[in-house]
Amino acid sequence: MTQFDAIVIGGGLVGSAIAYGLARENLKTALIDEGDVAFRASRGNFGLVWAQSKGLGAPHYQRWTRLSAEEWPRLAAELGARTGIDVGLEQPGGVQLCLGEEEFAERRVMMEQMRTEAGNFGFDYRMLERDELAAMLPGLGWAVTGGSWTPYDGHVNSLYLLHALHKGFVERGGTYIPNRTVDYAGVAPNDFRLGSGADELAAPKIVLAAGLGNAKLAALFGLSAPVRPQRGQILVTERTERVWPIPIGSLRQTLEGSIMIGASEEEVGFDTGQKPEVMQAIAHRAVQCFPFIAELQIVRAWAALRVMPPDGKPIYDESERFPGAFTANCHSGVTLAGAHANAFAPMVAAGALDPMLVPFSAKRFDVPQAA
Amino acid sequence: MFRRRPDAATPIVSVTVEGSEIRVPEGASAAGAVLLAGFPSIRDTPVNGTARGPYCMMGVCFDCLAEIDGVANRQSCMVAVKPGMVIRRQRGKRAAGIE
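Protein sequence lines correspond, in order, to chains W and U. Residue numbering for the first sequence follows our numbering, starting at 1 and increasing by one per position. Residue numbering for the second sequence follows our numbering, starting at 1001 and increasing by one per position.
These are computed hints drawn from the structure, not numbers from a lab. Bear in mind the structure is a predicted one, so any value in this text is a computation, not a measurement. Each hint should be verified, as a subset may be incorrect.
[To be verified] A few chain W residues that face chain U, going by a derived Cβ cut-off under 10 Å, partial list only:
hint : residue
1    : Glu238
2    : Gly249
3    : Gln253
4    : Glu256
5    : Gly257
6    : Phe290
[What the hints assert, rightly or not] A few chain U positions that, by computed beta-carbon distances, are all more than 10 Å from chain W:
hint : residue
7    : Val1013
8    : Gly1019
9    : Pro1025
10   : Gly1027
11   : Leu1036
12   : Phe1039
13   : Asp1044
14   : Gly1049
15   : Val1060
16   : Arg1094
Using N, Cα and C, we set each Cβ at its ideal position, and we do this for glycine too.
Isolated chain U (complex conformation) (with noise of 0.2 Å):
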């Protein structure tokens, strides 16, 4: 489904999603690193505990949310993947960060 066009012929970086190292093209999104593991979703809702993943994949449904780097509900669509970025689930709400 999601096949890179043949004529790409970015650099590589690794990244990790939910443990698993990811090789994508540099540039991608966070979001498309998600896509391209193959994960079916990358967040649970903090209502209902809804499963959710990448959508719209340009900011605007906020269904991409996760862990990036140790910051809670980022919109991984729009944050660029660098090398050794660590993309983890967002698990329902954040915690308010009170120390």
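Bound conformation, chain W alone (with noise of 0.2 Å):
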């Protein structure tokens, strides 16, 4: 049997951060990571810090996101720093598109409640015609009505950030352990046994992060993650020229000159399949919002499963029955990346989640049926 301080359950991008964390705050960290056959949302995923359209009706979530997006420049940084891998991260503010008045009339609606329900924290926006965001963005279509921005939004190379939270919590000393699955589990307050192959991990504390995995494994521990597969579908360019200065929501244009056109919502299950449809619907908008779009060549397509809680917000517990053990389920695994590893593991490791987090807990879905 080994003893760790922690074990944190999946190595994706939630999991690593919080692990990345933890490792930081000095315990001895375990990060069981499934393999390929998991579904792997991390390496998947669009690579956006979009926080203007996170929270609505929900000012929690929105104050969550904004204090990841804030945390963001110092965990590049630090990243950076400790581990030589640049993650990319530009953070300039970013622009969602709207195509027809309806549209932006609406998209005006839900940045003024945003801005409401931000209340003292304050929420910075500004509804862009399209002459100024004409000037600000080359190519644009004549379809684009406006737009909305905000000064927090900015984008990554996703694959770098998870690689540079391995490498990071490595080097700080936490032990990695690919490959594994969770065989059986032996669970009582702050002492939890995990079976996995012929070796025993035991920690008086224990993150779930296993994507759709954790829908199974928080049962075990007196937790509930409902959480189900939702697809997006993610087509990629040839690389050009540096077009535009900020990312555009569902477009972002990578450091290295891909254009990133996402990206579908479509409950399928548990199917990484491609739909031409889809692909086209994705291509059709994106040729919409910049008609130069449609002379480039797509070089890479793919299908990944977003993680996500019935109500679209994340799901953060500690369980009641038995303290010690914590579930993080999220479906902006990149986005909340500065929050999981500066402010989530900084809370694990002193034992009691932050009461801010309480609006988090599964337990809002367990409101009784009205007669």
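Take the two lone chains, each set in its own frame, and fit them into one complex as the hints suggest.
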């Protein structure tokens, strides 16, 4: 048996950001990663650090996302200095485009609601008319009516991020255990034993960050994580010279020059297949926004599964029955990496979640049905 | 290294590779023309500017990207030569094509 201070189950962006944060808090931490049989949302995501549309009607989520966006520059700089990996963070703000007056009007209402709900915390945004947008974004198509801008948004190379978190975790003394599943779990308050092959790992703290795998794992620890898969498809063009100074929601140009085009929201279960009709719809909207994209070759395309809670907002909990067991579930592993490494992990290390995370409990789904 | 088989008696077409006129068998690929012309490379990579040339010759490696008849980033091993075809070096990223 190997004794640790904490075990994190799940080596994707959520798990490795938390494990990295725990190792930085000087906890002797094990990170268990299932392997390539897992659905691996962290290898298929879009790479946005995106705050402007997160938390409508849920100020706690807006605040958590903004906290993460604020932590991002620090996390990127620290990872760069400690691992030598530049994750390519650019955070110049971002724009969401609207096609047609109706979308633009709806967006304005939504952004104003975000501002109202932010209260004293503040929420800077601007609605940009077409002319102003066209001056900012070369190649803008005539179908675009306008857009919303906030200063918090950015983008990153999410594969470098995953690599840097893993490298930084190991460099800080963490133990990375790949190709392992949890065969059995011995669960008691502040005493967790995981069997995996011939090994047994033990720790007083455990964090479930296994993405879609959390749905089954959580019950073993007296927790609930009702996440479902939601498919997104992405197209990637050949590399071009830099076009846009900022990411544009479902469009962004990587530092290397590829234009990434996202992303569908499909309820198809555990199916990572691609659908030509969906790819066509994604491409069509991109070309409406920027006609020059039609001339570019698509060089890669893939589908991946988001880890989606029933209301789209993250779930964080500590088990009441088995204190020391935590869950973290979200579909925004890139955006929330700053919060997971720099806020969530210190809470776990300190032994309790901050009250700011109370509204994220899965208890919110346990509402009795009205008669 | 790239001698033609002696029984090949296909018609010859003329193309230019980086300004040099090259005579190649009809049906050859543009990448074949690059190799026959003796160029060690035909593109500079977009990120590091490393020189690269035709490698896999079957549409997989993307190292033979070239500007062909004014179109950037074409996989030259997948394009058959045509009389008068102009093959030019792909220098890094292409332009986005915004007017």
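Now the hints, each set against the structure:
| no. | hint | in the structure |
| --- | --- | --- |
| 1 | Glu238 | holds, 5 Å |
| 2 | Gly249 | violated, 18 Å |
| 3 | Gln253 | holds, 9 Å |
| 4 | Glu256 | holds, 5 Å |
| 5 | Gly257 | holds, 5 Å |
| 6 | Phe290 | holds, 8 Å |
| 7 | Val1013 | holds, 25 Å |
| 8 | Gly1019 | holds, 24 Å |
| 9 | Pro1025 | holds, 27 Å |
| 10 | Gly1027 | holds, 24 Å |
| 11 | Leu1036 | holds, 26 Å |
| 12 | Phe1039 | holds, 22 Å |
| 13 | Asp1044 | holds, 12 Å |
| 14 | Gly1049 | holds, 12 Å |
| 15 | Val1060 | holds, 12 Å |
| 16 | Arg1094 | violated, 5 Å |
Consistency with the previously given hints fails for numbers 2, 16, ordered from lowest to highest.
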